[in-house]
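Residue numbers (numbering that gives the first Met the number 0), protein chains in the order written: chain Y, 0 to 319; chain D, 0 to 465.
It is worth saying that the hints were derived from the structure and are not from the lab.
Fair warning: there could be bad hints in the mix.
Claimed, not checked - Ranges of calculated distance between the beta carbons of each label pair, as one might list FRET restraints:
no.: 1; chain 1: Y; residue 1: A136; chain 2: D; residue 2: A295; range: 36 to 44 angstroms
no.: 2; chain 1: D; residue 1: T176; chain 2: Y; residue 2: G167; range: 40 to 48 angstroms
no.: 3; chain 1: Y; residue 1: P219; chain 2: D; residue 2: G288; range: 54 to 62 angstroms
no.: 4; chain 1: D; residue 1: A299; chain 2: Y; residue 2: A222; range: 35 to 43 angstroms
no.: 5; chain 1: Y; residue 1: G149; chain 2: D; residue 2: S230; range: 33 to 41 angstroms
no.: 6; chain 1: Y; residue 1: A30; chain 2: D; residue 2: G288; range: 20 to 28 angstroms
no.: 7; chain 1: Y; residue 1: A30; chain 2: D; residue 2: P205; range: 31 to 39 angstroms
no.: 8; chain 1: D; residue 1: D311; chain 2: Y; residue 2: L4; range: 57 to 65 angstroms
To be verified - Sample of chain Y residues with no beta-carbon within 10 angstroms of chain D, all distances over it, derived:
no.: 9; residue: F81
no.: 10; residue: T112
no.: 11; residue: E168
no.: 12; residue: D199
no.: 13; residue: R231
no.: 14; residue: N282
Keep in mind that this is a model prediction, so the values were computed, not measured.
The beta-carbon is built from N, C-alpha and C at its ideal position, and this holds for glycine as well.
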Amino acid sequence: MQKLLDSPARQRTRLKRDLNALRKDYAEDTALGRRRTTIAEAAPRVEFSMDAMIEKAPVTVILSAKGWIRGASGHEPLDKEFKFKEGDGPAFAVHAQTTDKLLIACDNGRFYTLGADKLPSARGFGEPVRTMLDIDAEAQIVALLVHRPGAQLLLASNVGRGFAAEAGELLAETRKGRGVMSTKPGVKLAVVREIAPEHDHVAVVGDNRKLVLFSLEELPVLAKGQGVTLQRYRDGGLADAITLKLEDGLSWKMGGESGRTRTESDMRLWKVARGAAGRLPPNGFPRDNKFCPRRYSPVCEANGKGNRRLSTFPSSSPRA
Amino acid sequence: MVDVTEPDPFDAIVDAPFDSALSERYLVYALSTITARSLPDLRDGLKPVHRRLLWAMRQLKLDPSQAFKKSARVVGDVIGKYHPHGDASVYDAMVRLAQDFSLRYPLVEGQGNFGNIDGDNAAAYRYTEARLTKTAIQLMAGLDEGTVNFHPTYNGEEEEPEIFPGLFPNLLANGSTGIAVGMATSIPSHNVAEIIDATLLLIDNPHVEHAELMQVFQGPDFATGGLVVDSPAAISHAYETGKGAIRVRGRFSTGRDAAGNWEETGIEKLGGGQWQLVVSEIPYMLQKGKLIEQVAQLIADKKLPILEDVRDESDEQIRIVFVPKSRNVDPELLKESLYRLTDLEGRFSLNLNVLDATRTPGVLGLKLILQEWVIAQIDILLRRSQHRLDKIAARLELVEGYIVAYLNLDRIIEIIRTEDEPKPVMMAEFELTDRQAEAILNMRLRSLRKLEEMELRQERDDLLAE
Numbered sequence: 000m001q002k003l004l005d006s007p008a009r010q011r012t013r014l015k016r017d018l019n020a021l022r023k024d025y026a027e028d029t030a031l032g033r034r035r036t037t038i039a040e041a042a043p044r045v046e047f048s049m050d051a052m053i054e055k056a057p058v059t060v061i062l063s064a065k066g067w068i069r070g071a072s073g074h075e076p077l078d079k080e081f082k083f084k085e086g087d088g089p090a091f092a093v094h095a096q097t098t099d100k101l102l103i104a105c106d107n108g109r110f111y112t113l114g115a116d117k118l119p120s121a122r123g124f125g126e127p128v129r130t131m132l133d134i135d136a137e138a139q140i141v142a143l144l145v146h147r148p149g150a151q152l153l154l155a156s157n158v159g160r161g162f163a164a165e166a167g168e169l170l171a172e173t174r175k176g177r178g179v180m181s182t183k184p185g186v187k188l189a190v191v192r193e194i195a196p197e198h199d200h201v202a203v204v205g206d207n208r209k210l211v212l213f214s215l216e217e218l219p220v221l222a223k224g225q226g227v228t229l230q231r232y233r234d235g236g237l238a239d240a241i242t243l244k245l246e247d248g249l250s251w252k253m254g255g256e257s258g259r260t261r262t263e264s265d266m267r268l269w270k271v272a273r274g275a276a277g278r279l280p281p282n283g284f285p286r287d288n289k290f291c292p293r294r295y296s297p298v299c300e301a302n303g304k305g306n307r308r309l310s311t312f313p314s315s316s317p318r319a
Numbered sequence: 000m001v002d003v004t005e006p007d008p009f010d011a012i013v014d015a016p017f018d019s020a021l022s023e024r025y026l027v028y029a030l031s032t033i034t035a036r037s038l039p040d041l042r043d044g045l046k047p048v049h050r051r052l053l054w055a056m057r058q059l060k061l062d063p064s065q066a067f068k069k070s071a072r073v074v075g076d077v078i079g080k081y082h083p084h085g086d087a088s089v090y091d092a093m094v095r096l097a098q099d100f101s102l103r104y105p106l107v108e109g110q111g112n113f114g115n116i117d118g119d120n121a122a123a124y125r126y127t128e129a130r131l132t133k134t135a136i137q138l139m140a141g142l143d144e145g146t147v148n149f150h151p152t153y154n155g156e157e158e159e160p161e162i163f164p165g166l167f168p169n170l171l172a173n174g175s176t177g178i179a180v181g182m183a184t185s186i187p188s189h190n191v192a193e194i195i196d197a198t199l200l201l202i203d204n205p206h207v208e209h210a211e212l213m214q215v216f217q218g219p220d221f222a223t224g225g226l227v228v229d230s231p232a233a234i235s236h237a238y239e240t241g242k243g244a245i246r247v248r249g250r251f252s253t254g255r256d257a258a259g260n261w262e263e264t265g266i267e268k269l270g271g272g273q274w275q276l277v278v279s280e281i282p283y284m285l286q287k288g289k290l291i292e293q294v295a296q297l298i299a300d301k302k303l304p305i306l307e308d309v310r311d312e313s314d315e316q317i318r319i320v321f322v323p324k325s326r327n328v329d330p331e332l333l334k335e336s337l338y339r340l341t342d343l344e345g346r347f348s349l350n351l352n353v354l355d356a357t358r359t360p361g362v363l364g365l366k367l368i369l370q371e372w373v374i375a376q377i378d379i380l381l382r383r384s385q386h387r388l389d390k391i392a393a394r395l396e397l398v399e400g401y402i403v404a405y406l407n408l409d410r411i412i413e414i415i416r417t418e419d420e421p422k423p424v425m426m427a428e429f430e431l432t433d434r435q436a437e438a439i440l441n442m443r444l445r446s447l448r449k450l451e452e453m454e455l456r457q458e459r460d461d462l463l464a465e
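Make the full structure from the sequences, and use the hints.
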């Protein structure tokens, strides 16, 4: 034992012997000693979007004039009379899938993104969209669209400037939205429309009832900014803007109960360079200087545009 | 009248700046939580409350071979004699030591309701009984052999050991978690066989590389099993620095085969192409009830449309069944989504913050921890050997005295019968030491029968041999 005290080597040997004896009690083949946790490196995480977890179902999105939003399950006719609160009324309605993203454009130039699965049910009046998104108190909603990957949108302000934007670049990650069109005081985003792939020209009409038509190629595709001048005005500003296919001409809905559509097939008369003042529109053009009724979807069906999913449903009737 | 000129020193009003008064007191509190509450000692891996619990249970002789005793007696002894704190905290600490899903190697064996993995609490201490496990005995082995220092308890009435000397590597085997002031600790449990293998490597070669240690010391071995899904390199790095995080997953498996190996997919075929997923182990420290609740909420919120239902079919063995929405669902996708959306995958943070032999806290790597532990164990070994040597020397001295007494029995008896002061006479006549003479005088008459030369010589030879 004295040797043990004097020799570190003997101490280590003794410790090893004791440890080996202890190890027998906790050996791998005992119930207590067997390893319980498996150490196994996991395969690299399969990247999948949580969006894939959203159940796909058709939904009709209804946004009221006062900004209350709801989603009715199934594709209801867009001209169906939905119930609104006292003093509120219809403003926009679109058909979407719960997996879609909704783009909400405001006149301060900001675009907000809302998942179509997040909408409250249409059993009630819905919820104010301003509780779901941080929309400025003064800002008005200009458009409600379903985001379609790869599509382009026509943006125009009330002073006659505008540009085309990739829809994908308008999506916002946060509820604060994304500033797209920079607006100065007095300048507001007025028109947001989807540009159908086959369209090749832009038609712009002003408050002064003058119409210009120019090639889509003259319209720059921007991510943000004020855009370029589309039409020049002495008084007033821009009333409406739209894209179309020159061959098909310009179509618009006749007023009144008739629901007839009128088409001016030869639009070459109005074709000028971008930024011109323009000339009076064809005979019979609506007195409100709008290409299509503003009710509901900003997609103008009279021109046979864009939203193909919509086209299988009865077209919306003009506002009474 | 009572003399009031001498004011009580405790009533004196002392002017002191608020911030220094506060910081002084807080510093005292912080130091005490660090050194005497929340962090484990490197040598035995215990916090003071656990050490006092086991010590009190040992004093109550609650060996594995003895019958159980009421937990209330243990708790009462601990708070009365050693640990002047709440009874609830002491009982909770004891309950944890008894739970086989909390401790990889339980130190207490409980009888009665000691809680379960669902998160239910143990029964009150008047209902439950407890005793020590073999592991706890191994951890305390050698306490009576002069291996460690004892210090007085808080009231000075009794003594308690500063650490436990046993060879069981409790710090790494059972792990520890705790939050002190300005620092915390989080040590997972490990496999004892692997700890010992790594220690043996280190003893053979003190300059062994960390990577070599990690070859045998693979990583955590949690009481609840599960899977560690980090790469060996990441785990190794965490143990090298003493800090890191470890990803732990539940185990999808339908059960063990005869050899004890887990089935690996967790897919249970129900016929007709139908299937369901089964989880047999959940991550450490996760309450099963909470997990089920979490999954049920996911289903209610329609956040996981590929999952139809979750059922808890557990008995002794955990069995959580996940029913897919349709048989066409990809099982791997379902697993992956459950890992991502629920606590079926969690992180265990690794922070090897311990008190070393000088009661100084520090974050140590694996090698340092093992090194310090080996040093402590060798110190204990030396103290035990020295203690034994001293005992042998003392006994040898007496035995030599007895032999002298035996050889001169009649003369000794005569001295005792005739002399007023027999001791100095004996010492002078037979060259006995004071202790030897005293021992002879203290001998009972009836032990004269046992005073046989052969036996005494035998004992002396045995002692000398040691």
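The hints, checked one at a time:
1. Y:A136 - D:A295: 36 to 44 angstroms: At 40 angstroms between Cβs, range holds.
2. D:T176 - Y:G167: 40 to 48 angstroms: holds, 47 angstroms
3. Y:P219 - D:G288: 54 to 62 angstroms: holds, 60 angstroms
4. D:A299 - Y:A222: 35 to 43 angstroms: holds, 40 angstroms
5. Y:G149 - D:S230: 33 to 41 angstroms: holds, 39 angstroms
6. Y:A30 - D:G288: 20 to 28 angstroms: holds, 26 angstroms
7. Y:A30 - D:P205: 31 to 39 angstroms: holds, 34 angstroms
8. D:D311 - Y:L4: 57 to 65 angstroms: holds, 59 angstroms
9. F81: holds, 24 angstroms
10. T112: holds, 19 angstroms
11. E168: Given that every Cβ of chain D is farther than 10 angstroms from that of Y:E168, nearest at about 28 angstroms, it holds.
12. D199: Its Cβ never comes within 10 angstroms of chain D, the nearest being 42 angstroms, so this holds.
13. R231: Holds: least Cβ distance 53 angstroms, greater than 10 angstroms.
14. N282: holds, 54 angstroms
When held up to the earlier numbered hints, the structure conflicts with none and fits them all.
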